[in-house]
Amino acid sequence: MSEDLSSLSAEAPPAARHPGASRLSAGARRPLGWVERVGVLVAYHWVLFKRTFHGALVSRFLLPVLFLASMGLGVGSLVDESSGGVDGVPYLIYVVPGLVMVTAMNVGVGEATWPVMGFIKWNEFYRAMLHTPHRVLDVLLAHWVMIAFNVLISAGAFMVVAALFGGVDSWWSLLALPVAVLVGMAFATPLFVVGAKAANDSIYSAVFRLVITPLMLFSGAFFPIENLPFWMQPVAWATPLWHGVELGRAAFLGGPVPDLWAVHVGVLVAYTLVGAWFSVRAVRDRLVA
Amino acid sequence: MAPDLLLTARNLTKKFGDFTAVDGIDVEVRKGEAFGFLGPNGAGKSSTMRMVGAVSPVTSGELRIFGLDPETHAQQIKARLGNCPQKDLLDEELSVEENLWVYGRFFGLSKAEVRERATELLEFAQLTERRADKVEHLSGGMKRRLVIARSLINNPELLLLDEPTTGLDPQARHILWDRLFRLKRQGVTLIITTHYMDEAEQLCDRLVVMDKGAIAAEGSPKDLIARYSTREVVEVRFDADDHGAFADSLSGIGERMEVLPDRILLYADDGDAATAAIADRGIDTLSTLVRRSTLEDVFLHLTGRTLID
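Protein chains in written order, with the working numbering: chain G, 1 to 289; chain F, 1 to 309.
Where hints are given, some of them may not hold.
What the hints assert, rightly or not - 25 Å max Cα-Cα, derived PhoX-like pairs, lysine-lysine:
#1 G/K50 <-> G/K121
#2 G/K50 <-> F/K134
#3 F/K184 <-> F/K15
#4 G/K121 <-> F/K143
#5 G/K197 <-> F/K87
#6 F/K184 <-> F/K87
#7 G/K121 <-> F/K87
#8 G/K197 <-> F/K15
#9 F/K212 <-> F/K222
#10 F/K111 <-> G/K50
#11 F/K134 <-> F/K184
#12 F/K134 <-> G/K121
#13 F/K15 <-> G/K121
Calculated directly from the structure, the hints in this document are not laboratory data.
Excised from the complex, chain G in its bound form (with noise of 0.2 Å):
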């Protein structure tokens, strides 16, 4: 093996060996701007993106199918065939944005709950990434744009697969996409306080039971929470898939903007950044005490 050694010393004069690259020379570093703390995080995020791409693409596009196989063909034929649809909608347009949503929901969900409880608590790579130049803000930030990409691809797809079933019919639609997003980040960023505090990750159990599966249930995806008991509405008022679904379907029908949009959107903007910022908090505790 090679005895020289001098490049590993601080003594060394690295300039030599990379004119302008003050990033490995003695005294003070060329710091890193904003923009690229979070990028060379990404650029982690995505080296793992890439690999795990092949199975998440059969998952992305082969749940789609079957939920549009059942619900919108199977479901949505007795639905058009006693009432005519809902609203005058055919079923399978009616279901699709309230799908996408979910499907927003369930990747948000996914990606913030054991990844995450992996990072703080398994291999704790957020601790090596703390070890370099990045606060707690650039690490989390980081992720969440690798799950806002996350969502982007995953709603995408299910768009696309959703109109060769025949249950896209306008570009309008394309809204949903940015909208999707804000629900899969609603979801998520509250979830990563979870992850820094639980001790375990059987907490996410109850999450999933008592928390996701409910609201994907009754959070007017597959039918207008107006058919609930009185009762259930506001509950479904409070939770952000609800305010996605509204959003979601009024843009797949190219029907008139909300008159509501606002408050739609100020939700979900609300869930994540209340989420971000109690995730910083309680990451912080658990990583950089």
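Given chain G, put chain F in place with the hints provided.
Same frame as chain G, but now just chain F:
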């Protein structure tokens, strides 16, 4: 601050609630030095290292690394530090070289820089042949070498090694010591925590003995042994449960005695003479062993306790 002082701590304190992990320590580390924190588990070594690594806020006192305050300049400090934490913190799903690449990129190094340094560091860590293997398939010793290689990716001016060889088998430890010794010879400034006396004696130019969050003694390994111990130690064992009962019969032999549950230590500059004195008194021992004095003896003298895990 003198330009060659890389680290200064004055009355450095770390508290977690009511518990004081680090209790007002004063430390200085100069450029090119290999400096050690020796102490048992829970002595406050890792808490100190985390503060120096700018990943744990100082409770009180003053801490400067490269003359910078970690509270306000953590990013600048971390850019120039190498951090080899107690846990490996590797991404085991990635390959050996991928771990180096992604970590180097965290410092904002270019792809070309990262690849060039990774090649050199893999050679240094004797992992070139395993470069494409997933980390999960490496042995514990190889993982530690990879972590050390990773901590060097940004060409650090100060390398922090928190218990670098804990949990490794003797052979893996010796390979690692050899690598660290090379770094030291290259002039890399090292700060090492350890609860192994032999590790501290081998690697450290100067060290502090820590106990219960405070510094019990400071000096070079040689100094400390000269100051707090004798040149040699005789370990005397008896065929009995209570070794304390034999203390009187041995008194006067050597300069000092330590009674442990399973043996009695006699501190003497001439161990053979002490052994002969025991025989002269006709004392029936199970075994006598003469050995050179170590930092373990220093620690025992300072704290009255052994340094074992």
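We went through each hint and held it up to the structure:
| no. | hint | in the structure |
| --- | --- | --- |
| 1 | G/K50 <-> G/K121 | 23 Å, holds |
| 2 | G/K50 <-> F/K134 | 16 Å, holds |
| 3 | F/K184 <-> F/K15 | 32 Å, violated |
| 4 | G/K121 <-> F/K143 | 19 Å, holds |
| 5 | G/K197 <-> F/K87 | 20 Å, holds |
| 6 | F/K184 <-> F/K87 | 22 Å, holds |
| 7 | G/K121 <-> F/K87 | 12 Å, holds |
| 8 | G/K197 <-> F/K15 | 21 Å, holds |
| 9 | F/K212 <-> F/K222 | 23 Å, holds |
| 10 | F/K111 <-> G/K50 | 18 Å, holds |
| 11 | F/K134 <-> F/K184 | 29 Å, violated |
| 12 | F/K134 <-> G/K121 | 20 Å, holds |
| 13 | F/K15 <-> G/K121 | 23 Å, holds |
Hint compliance for this structure: hints 3 and 11 are broken, all remaining hints hold.
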